[in-house]
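Protein sequence lines correspond, in order, to chains U and R.
Each residue of the first sequence is one higher than the one before, starting from 94 at the first, in the numbering used here.
Each residue of the second sequence is one higher than the one before, starting from 94 at the first, in the numbering used here.
Calculated directly from the structure, the hints in this document are not laboratory data.
Treat each hint with caution, since some may be false.
Under the rule of at most 25 Å between Cα atoms (straight-line distance), these lysine to any residue pairs were calculated in the SDA-like manner [claimed, not checked]:
{"no.": "1", "chain 1": "R", "residue 1": "K450", "chain 2": "U", "residue 2": "W177"}
{"no.": "2", "chain 1": "U", "residue 1": "K450", "chain 2": "R", "residue 2": "R229"}
{"no.": "3", "chain 1": "R", "residue 1": "K450", "chain 2": "U", "residue 2": "T141"}
{"no.": "4", "chain 1": "R", "residue 1": "K450", "chain 2": "U", "residue 2": "W184"}
{"no.": "5", "chain 1": "R", "residue 1": "K450", "chain 2": "U", "residue 2": "Q472"}
{"no.": "6", "chain 1": "R", "residue 1": "K450", "chain 2": "U", "residue 2": "A170"}
{"no.": "7", "chain 1": "R", "residue 1": "K450", "chain 2": "U", "residue 2": "D180"}
{"no.": "8", "chain 1": "U", "residue 1": "K450", "chain 2": "R", "residue 2": "K450"}
{"no.": "9", "chain 1": "U", "residue 1": "K450", "chain 2": "R", "residue 2": "K119"}
{"no.": "10", "chain 1": "U", "residue 1": "K450", "chain 2": "R", "residue 2": "D190"}
{"no.": "11", "chain 1": "R", "residue 1": "K450", "chain 2": "U", "residue 2": "L172"}
{"no.": "12", "chain 1": "U", "residue 1": "K450", "chain 2": "R", "residue 2": "T179"}
{"no.": "13", "chain 1": "U", "residue 1": "K450", "chain 2": "R", "residue 2": "K382"}
{"no.": "14", "chain 1": "R", "residue 1": "K450", "chain 2": "U", "residue 2": "I371"}
{"no.": "15", "chain 1": "U", "residue 1": "K385", "chain 2": "R", "residue 2": "Y189"}
{"no.": "16", "chain 1": "U", "residue 1": "K385", "chain 2": "R", "residue 2": "D188"}
{"no.": "17", "chain 1": "U", "residue 1": "K450", "chain 2": "R", "residue 2": "S146"}
{"no.": "18", "chain 1": "R", "residue 1": "K450", "chain 2": "U", "residue 2": "A185"}
{"no.": "19", "chain 1": "R", "residue 1": "K450", "chain 2": "U", "residue 2": "W144"}
{"no.": "20", "chain 1": "U", "residue 1": "K385", "chain 2": "U", "residue 2": "Q364"}
{"no.": "21", "chain 1": "U", "residue 1": "K385", "chain 2": "R", "residue 2": "D190"}
{"no.": "22", "chain 1": "R", "residue 1": "K450", "chain 2": "U", "residue 2": "G138"}
{"no.": "23", "chain 1": "U", "residue 1": "K450", "chain 2": "R", "residue 2": "V178"}
{"no.": "24", "chain 1": "U", "residue 1": "K450", "chain 2": "R", "residue 2": "Q175"}
{"no.": "25", "chain 1": "U", "residue 1": "K382", "chain 2": "U", "residue 2": "Q472"}
{"no.": "26", "chain 1": "U", "residue 1": "K450", "chain 2": "R", "residue 2": "E145"}
{"no.": "27", "chain 1": "R", "residue 1": "K119", "chain 2": "U", "residue 2": "T183"}
{"no.": "28", "chain 1": "R", "residue 1": "K382", "chain 2": "U", "residue 2": "Y189"}
{"no.": "29", "chain 1": "R", "residue 1": "K450", "chain 2": "U", "residue 2": "F225"}
Every value quoted in this text rests on a predicted model; they were computed, and no experiment measured them.
There are 2 protein chains.
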Amino acid sequence: MTPPHRGFPEDEFRRRTQAAQALMAKHNLAALLLTTEPELRYYTGFLTRFWESPTRPWFVIIPPTGDLIAVIPSIGAHLMSQTWVTDIRTWAAPDYDDDGIGLLVDALNEVAGDEGQIGIADQLESYVRMPFADLRRLEAALLTRALVSDAAITRRLRLIKSESEIDKIRHAAAIATGAFNRVPECVASGMSLSQVFRRFQMLCLEEGADWVPYLAGAAEQAGYADVISPATDAPLEDGDVLMLDTGLMWDGYFCDFDRNYSVGPPSAVVQCAHSQLIAATLAAADVAKPGKTISDLFYAMNAVVNPSGDVMEAGRLGHGLGMQLTEWPSIIPQDHTVLEPGMVLTLEPSVTVSPGKILVHEENIVIRDHGAEFLSDLQSADIRVI
Amino acid sequence: MTPPHRGFPEDEFRRRTQAAQALMAKHNLAALLLTTEPELRYYTGFLTRFWESPTRPWFVIIPPTGDLIAVIPSIGAHLMSQTWVTDIRTWAAPDYDDDGIGLLVDALNEVAGDEGQIGIADQLESYVRMPFADLRRLEAALLTRALVSDAAITRRLRLIKSESEIDKIRHAAAIATGAFNRVPECVASGMSLSQVFRRFQMLCLEEGADWVPYLAGAAEQAGYADVISPATDAPLEDGDVLMLDTGLMWDGYFCDFDRNYSVGPPSAVVQCAHSQLIAATLAAADVAKPGKTISDLFYAMNAVVNPSGDVMEAGRLGHGLGMQLTEWPSIIPQDHTVLEPGMVLTLEPSVTVSPGKILVHEENIVIRDHGAEFLSDLQSADIRVI
Chain U
94 MTPPHRGFPE DEFRRRTQAA QALMAKHNLA ALLLTTEPEL RYYTGFLTRF WESPTRPWFV
154 IIPPTGDLIA VIPSIGAHLM SQTWVTDIRT WAAPDYDDDG IGLLVDALNE VAGDEGQIGI
214 ADQLESYVRM PFADLRRLEA ALLTRALVSD AAITRRLRLI KSESEIDKIR HAAAIATGAF
274 NRVPECVASG MSLSQVFRRF QMLCLEEGAD WVPYLAGAAE QAGYADVISP ATDAPLEDGD
334 VLMLDTGLMW DGYFCDFDRN YSVGPPSAVV QCAHSQLIAA TLAAADVAKP GKTISDLFYA
394 MNAVVNPSGD VMEAGRLGHG LGMQLTEWPS IIPQDHTVLE PGMVLTLEPS VTVSPGKILV
454 HEENIVIRDH GAEFLSDLQS ADIRVI
Chain R
94 MTPPHRGFPE DEFRRRTQAA QALMAKHNLA ALLLTTEPEL RYYTGFLTRF WESPTRPWFV
154 IIPPTGDLIA VIPSIGAHLM SQTWVTDIRT WAAPDYDDDG IGLLVDALNE VAGDEGQIGI
214 ADQLESYVRM PFADLRRLEA ALLTRALVSD AAITRRLRLI KSESEIDKIR HAAAIATGAF
274 NRVPECVASG MSLSQVFRRF QMLCLEEGAD WVPYLAGAAE QAGYADVISP ATDAPLEDGD
334 VLMLDTGLMW DGYFCDFDRN YSVGPPSAVV QCAHSQLIAA TLAAADVAKP GKTISDLFYA
394 MNAVVNPSGD VMEAGRLGHG LGMQLTEWPS IIPQDHTVLE PGMVLTLEPS VTVSPGKILV
454 HEENIVIRDH GAEFLSDLQS ADIRVI
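Hey, can you work out the whole structure from these sequences and the hints?
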């Protein structure tokens with residue numbers, strides 16, 4: 094498995110920036126203010142695990158034309174100088190009196206003039222990563238140049254992946270496939286779920302993951318109660334369904350899919366539920382063609398897993414995928430986003446096995462001109478056995 | 094190495110909540126609104142890696158008296174019901190029309206009445222984790238009951254760790270120590286830094302880490318240019334200083350320290366820099382007694398690493414540690430926080446070896462009545478050799 098090239102050619106960042114600038118003109122925005130890890134990385138290529146520290150805010154400004162301006166803590170200057178960004182303004186953060194706000198206001202004034210509107214991400218799946226008191230200070234200092242919605246510009250651009258981005262997600266998925274394939278040789282009845290989690294993360298790293306930001310799962314008799322819990326020290330028992338759901342990362346891109354394993358031979362009910370999940374995944378993949386909508390995917394899966402037509406309470410059946418574990422859009426009945434080539438999605442049907450017990454399956458696809466291409470290795474109807 | 098118990102007795106969450114309520118009364122707050130992972134977990138015990146997904150907002154309200162109210166996506170109801178929280182209100186998120194704001198406003202009105210002020214974290218190291226448009230919607234719906242500063246209540250409480258919290262951090266540190274000790278047997282000249290990163294994360298897991306949210310490092314000749322970069326595929330060479338800095342987690346608590354290794358015998362300059370760093374750490378540990386201040390720690394270290402008295406640009410020489418990789422306060426000259434028993438800190442002196450090249454060392458301590466207790470295994474003056 095030869096990995097793709099790391100990073101992106103400078104052209105790709107330039108293209109992304111210019112695409113944002115074209116949309117800014119359309120929405121009458123004199124600047125875009127970026128504050129979160131994926132926003133900064135999308136336009137600059139600034140890749141670091143240092144965001145784990147909540148101490149310091151980081152800002153990048155997209156001007157109406159020309160190149161980006163980074164207003165960042167001095168601790169990041171060296172790494173940022175290795176990206177295509179050349180206008181890098183720094184302060185010695187943390188500064189208890191003014192943690193970058195003065196510097197940021199100056200830069201925004203320079204870019205947006207006296208009256209220009211400044212766009213900031215404000216829609217679902219976003220937040221503003223800076224202290225709320227500083228956000229208010231910023232708004233006060235900007236006077237008439239209000240902070241307004243960024244019109245979801247970055248979210249819209251990130252929705253369609255380039256071939257280089259797709260290559261990275263495919264590689265991440267191949268690494269996870271390698272790890273999932275080795276689970277039966279490393280895991281056995283009697284092992285605690287916390288040991289299984291640890292071992293699985295090691296398998297992901299051995300297979301080539303840069304890191305494993307996400308792992309959830311469960312092991313319970315004939316299905317599980319939820320899919321977001323951390324591991325307990327309870328031992329695996331015959332009749333358990335072990336589910337492992339990973340978001341591992343390669344060069345800043347995620348895969349996100351799960352695999353179910355029956356500990357010992359599966360019961361008929363569990364095997365039947367698993368077959369249903371694969372059938373639902375295939376039904377969605379079948380309709381996943383440009384021109385169809387996200388809600389079409391929902392109904393294709395729901396018709397298989399809920400033949401009555403009912404919609405489950407926690408009803409998302411998949412989502413976007415890329416620089417983040419979960420991205421826009423959500424596969425729900427209310428999402429009418431039209432599918433386009435280059436969208437990367439997870440298909441994640443869920444089925445109720447018995448009251449309070451579910452089984453969830455997940456695969457990753459990219460939308461192509463002709464339909465869905467699987468990035469993960471589509472599972473067969475038969476549940477895997479440990 | 095026997096791990097401490099997982100989780101906390103319900104009493105500890107109750108104590109934290111009541112301490113917050115006492116401070117709320119003092120600051121005339123009728124409710125505290127919590128939106129981020131560490132805030133929610135501190136009061137509820139809600140522990141999941143699912144926060145990696147940015148899709149859904151999560152809210153917890155602390156009323157002036159009585160128990161917490163969780164207003165959360167239904168996908169988290171099962172896990173939240175296993176904590177001590179009993180008032181759990183859910184919605185089927187994501188909801189494109191109203192992603193929990195209606196439910197949240199109702200709960201806040203119920204708790205804060207017509208006029209009560211609602212506190213929200215707004216100081217350094219915090220942010221509000223919800224879409225900015227929803228935050229504005231919330232503020233509009235609250236009418237006269239303004240969102241005001243939480244007076245850093247949660248930050249102040251989290252500053253002093255309980256013995257159970259300290260036990261978890263000590264255990265995380267012991268796991269990292271085990272991994273660092275095995276580096277020389279797994280790493281050799283010629284190996285790529287990205288391979289070293291992978292192998293080191295596996296060692297952390299083997300030694301018992303639940304997961305490894307943070308790893309940074311570098312390997313360059315006689316020092317490195319920065320400490321936040323991801324790994325490259327460049328091979329280790331004789332004369333490199335390999336630095337690995339990990340924040341691994343055990344039961345929701347971090348350690349955060351680094352180790353430096355000379356690849357081959359160290360030069361006199363590198364050995365001298367390392368000795369200076371250990372001397373600086375010891376100097377800070379010596380003054381780390383209740384009644385002294387954070388700035389005292391800064392000056393104790395700075396006097397050793399910058400005998401001229403100059404202060405480096407990216408000048409933080411350590412920070413708080415606990416549920417997050419970095420916590421309040423920052424060891425800078427401007428921080429006059431008085432040291433108290435139960436504070437957990439990193440001591441992180443940095444020394445300039447040559448223009449653009451630094452060496453950084455880090456240890457973890459807890460403040461006791463008598464002074465500093467090391468939670469990490471204090472290194473000797475001699476740099477380790479690979």
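Evaluation of the provided hints:
With a C-alpha separation of about 22 Å, the suggested pair K450/R and W177/U falls inside the 25 Å cut-off, and the hint holds. Distance restraint check for K450/U and R229/R: the Cα-Cα separation of roughly 38 Å exceeds the 25 Å cut-off, and the hinted pair is therefore not satisfied. A distance of roughly 19 Å separates the Cα atoms of K450/R and T141/U; the hinted pair therefore holds under the 25 Å criterion. Distance check on the hinted pair: K450/R and W184/U sit about 20 Å apart at the alpha-carbon level, within 25 Å; holds.
Annotation: proposed proximity of K450/R to Q472/U is violated, straight-line Cα distance about 50 Å (limit 25 Å). Distance check on the hinted pair: K450/R and A170/U sit about 14 Å apart at the alpha-carbon level, within 25 Å; holds. For the hint linking K450/R to D180/U, the alpha-carbon distance of about 23 Å falls within 25 Å, and the restraint holds. This hinted pair does not check out: K450/U and K450/R have alpha carbons roughly 56 Å apart, beyond 25 Å.
Restraint check for K450/U and K119/R: the C-alpha separation of about 46 Å exceeds 25 Å, so the hint is violated. For the given pair, K450/U sits about 29 Å from D190/R by alpha-carbon distance, which is inconsistent with the 25 Å threshold. At roughly 14 Å between alpha-carbon atoms, K450/R and L172/U fall within 25 Å of each other, so this suggested pair holds. Using a Cα cut-off of 25 Å, the hinted pair K450/U and T179/R holds, with the two alpha carbons roughly 21 Å apart.
Restraint check for K450/U and K382/R: the C-alpha separation of about 53 Å exceeds 25 Å, so the hint is violated. With a CA separation close to 54 Å, the supplied pair K450/R and I371/U exceeds the 25 Å bound. Among the hinted pairs, K385/U with Y189/R is consistent with the structure: their alpha-carbon atoms are about 20 Å apart, no more than 25 Å. Using a Cα cut-off of 25 Å, the hinted pair K385/U and D188/R holds, with the two alpha carbons roughly 21 Å apart.
The suggested pairing of K450/U with S146/R holds, with an alpha-carbon distance near 23 Å, which does not exceed 25 Å. About 18 Å separates the Cα atoms of K450/R and A185/U, which keeps this hinted pair within 25 Å; it holds. Restraint check for K450/R and W144/U: satisfied, since their Cα atoms lie roughly 23 Å apart, inside the 25 Å limit. The straight-line distance between the Cα atoms of K385/U and Q364/U is roughly 31 Å, outside the 25 Å bound, and the hint therefore fails.
Between K385/U and D190/R, the direct Cα distance comes to roughly 22 Å. Compliance with the 25 Å bound is thereby established for this hinted pair. Taken as a hint, the K450/R and G138/U pair is honoured in the structure, with Cα atoms around 23 Å apart against an allowance of 25 Å. Taken as a hint, the K450/U and V178/R pair is honoured in the structure, with Cα atoms around 22 Å apart against an allowance of 25 Å. For the hint pairing K450/U with Q175/R, the CA-to-CA distance comes to about 16 Å; that is within 25 Å, so the pair holds.
At roughly 21 Å between alpha-carbon atoms, K382/U and Q472/U fall within 25 Å of each other, so this suggested pair holds. Between K450/U and E145/R the CA atoms are separated by roughly 24 Å; this keeps the pair inside 25 Å, and the hint holds. Of the supplied pair hints, the one linking K119/R and T183/U is violated, its CA atoms being roughly 38 Å apart against a limit of 25 Å. Taking the CA atoms of K382/R and Y189/U, the gap is near 24 Å; set against the 25 Å cutoff, the hint holds.
A C-alpha spacing of about 36 Å is found between K450/R and F225/U, which places the hinted pair above 25 Å, so the restraint is violated.
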